[in-house]
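In the order they appear, the protein sequences are chains A and B. All residue numbers for the first sequence refer to this note's numbering, where the first residue is 17 and numbers rise by one. All residue numbers for the second sequence refer to this note's numbering, where the first residue is 15 and numbers rise by one.
It cannot be assumed that every hint is accurate.
[To be verified] Covered by chain A, per the in silico footprint, the following chain B stretches (three or more residues, Cβ under 8 Å):
1) 64 to 72
2) 110 to 121
3) 233 to 245
[Said to hold, decoys possible] Derived DEER-like restraints, expressed as beta-carbon distance ranges:
4) Asp120(B) to Lys56(A): 22 to 28 Å
5) Asn47(A) to Ile89(B): 31 to 37 Å
6) Ile222(B) to Ala29(A): 52 to 58 Å
[What the hints assert, rightly or not] List of simulated lysine-lysine pairs, DSS-like, C-alpha gap at most 25 Å:
7) Lys56(A) to Lys109(B)
8) Lys144(B) to Lys41(B)
9) Lys56(A) to Lys144(B)
Quick caveat, the hints were computed from the structure, so don't treat them as lab data. Treat the numbers as computed from the prediction; the structure is a model and nothing was measured. The beta-carbon is built from N, C-alpha and C at its ideal position, and this holds for glycine as well.
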Amino acid sequence: MNKYVKYTLIALAGAGLIYGGYKLYQHLSNNGFQIKFGRKIKVVNQNIEE
Amino acid sequence: MAEVFKVVVPQSGLVSPSSWGSRAQIKKMLETIMSKYGDSIKKIGKMTNIPPEIIASFIAVESGGKVDAGGAGHITQGLMQWNRNFAANFLEAEKRLGRLSKEEEDLLKTYGITFNNGKTRAITNADQLKPELNILIGSILLGQYIDSYFDGGKGGKNVKEWGTQDGNIRLDRIIAVYNAGAYGDAGKKARNATYSTASEMAANVNPITRSYIQKMLGLNGAMDIMSNELSNLV
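Chain B on its own, in the form it takes in the complex (with noise of 0.2 Å):
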């Protein structure tokens, strides 16, 4: 039997930053992403067991749909802003971790990502550009942390569980260490779940990973909207 995790969303004590825009600009926002790479989205959600929903806010918040958002060969260009560095690593923590399914793995080989003895190939500037490759990336990244996986495999539930807490997925831990890496001030306070709720995550981390759990999780943010007016969609 599945074991049931909830999102709740707007949490309490986090609002949208009206900087971001209002909430009819982002909504417009995520009916362009969704209309542009819905399909990818859907089938990526199902493939690696994550909603549509999140996929497509985390898209929002990290480049507001922009296929080339960071800049010219930034090491993290792209729809979901993951770093290629460390992007084999994760992609053969998740082969090496039994995780990968052939689904996922028969798409990444459509993108000449292969495993040969468990390693893969470097990830390319040219391979975020590529905005179904670039989702596949970032939800199988997702999926580790919400698993409670950090820095290719490390961690996991048996060890410490952060990404999920009392049944309910922790996205401002999530998003902490995604957006501002596992070993940092707000990827530490995250991974050793300081604090019970989201508002409270947001009041003590750095402004721009505050910036992103309130865009995510807040009051007229992504996954607000997506869930309450754009739930078709999906």
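With the rest of the complex left out, here is chain A (with noise of 0.2 Å):
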């Protein structure tokens, strides 16, 4: 196989690992319940002085 080819190749397939990582990551912390009770709201008047 020519030399360019096969660096083409290895860099698209580290490119693909890259990105299957990335959203593997993207999925993990994703977590439905941490996102709904991790949040702490705050409401704020702007009329009432701090």
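Build the complex: two chains, separate frames, hints provided.
Below you can see the structure in the form of structure tokens.
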């Protein structure tokens, strides 16, 4: 195989691995319970002096 | 560590319509809502992690605190005016997404709503007329919108964050989707995060949704009064 083709394929495989790893991280970190209960909502009235 | 979001009221450029009532009248409505349903609102607020001010304000805007608001048998009848034809779908989504706490699931169970392989029964008109259950289901739905889900678990913050923006809860967008549906003009504008402020959003949606946004977030509106004069009730 031509070396440029080989390097291109290796680069593409590497990019694919990185992208796949990112999507897996995204999936694992998209914890529904954590999203719902990990937030705190504060109601602030602009007309009240702190 | 918890991620902190703010809801700032009253929103600039928004005023509650005088046709809805005077400040004193809306305050009286909210006091009545808290008197009748305050215990449930506070309990469910903790369960669903939504401030009671928001839940009480939604009840005021959607039904005026009337348990049977919307007409006998109507698909959205009840305190929080959610559509019972879609309720099972978004409850199943809440379960599937891992968002349903044990406390929420136990409370649903007391009303005969359980899950079997992730599926639950159809929600009935009789269910909608039970105040605590209506508030629980409505608050679960609100929570999904806050976290940018819609239509039974589609979307989410990792897809497109529309329920929040720069550390603020975009209640105007949430109201638009809740009131006008996810796929109508107002709902699409909300989910596409088309407008950067609530007043811009209100100016560019249909008059009914606009009035809901104004009632909820405007000067002399429900959230203004709840947070300014009735904070002792929550």
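Hint check:
For the stretch 64 to 72 of chain B, the stated coverage by chain A is satisfied: 4 residues place a CB nearer than 8 Å to a CB of that chain, which reaches the threshold of 3. Counting residues of the stretch 110 to 121 of chain B whose CB falls under 8 Å from any CB of chain A gives 4; the rule of at least 3 is met. Look at the stretch 233 to 245 of chain B against chain A: 5 of its residues bring a Cβ nearer than 8 Å to a Cβ of that chain, three or more, so the hint holds. As the Cβ distance of Asp120(B) to Lys56(A) is approximately 23 Å, the hint placing it in 22 to 28 Å holds.
The hinted window of 31 to 37 Å between Asn47(A) and Ile89(B) holds, with their beta carbons roughly 33 Å apart. Distance hint check for Ile222(B) and Ala29(A): the Cβ-Cβ separation is about 54 Å, which falls inside the suggested range of 52 to 58 Å. Taking the CA atoms of Lys56(A) and Lys109(B), the gap is about 21 Å. The hint holds against a cut of 25 Å. With a C-alpha separation of about 24 Å, the suggested pair Lys144(B) and Lys41(B) falls inside the 25 Å cut-off, and the hint holds.
A hinted pair counts as satisfied when its Cα atoms are at most 25 Å apart, and Lys56(A) with Lys144(B) does not qualify at roughly 28 Å.
Of the hints listed earlier, the one the structure fails to meet is number 9.
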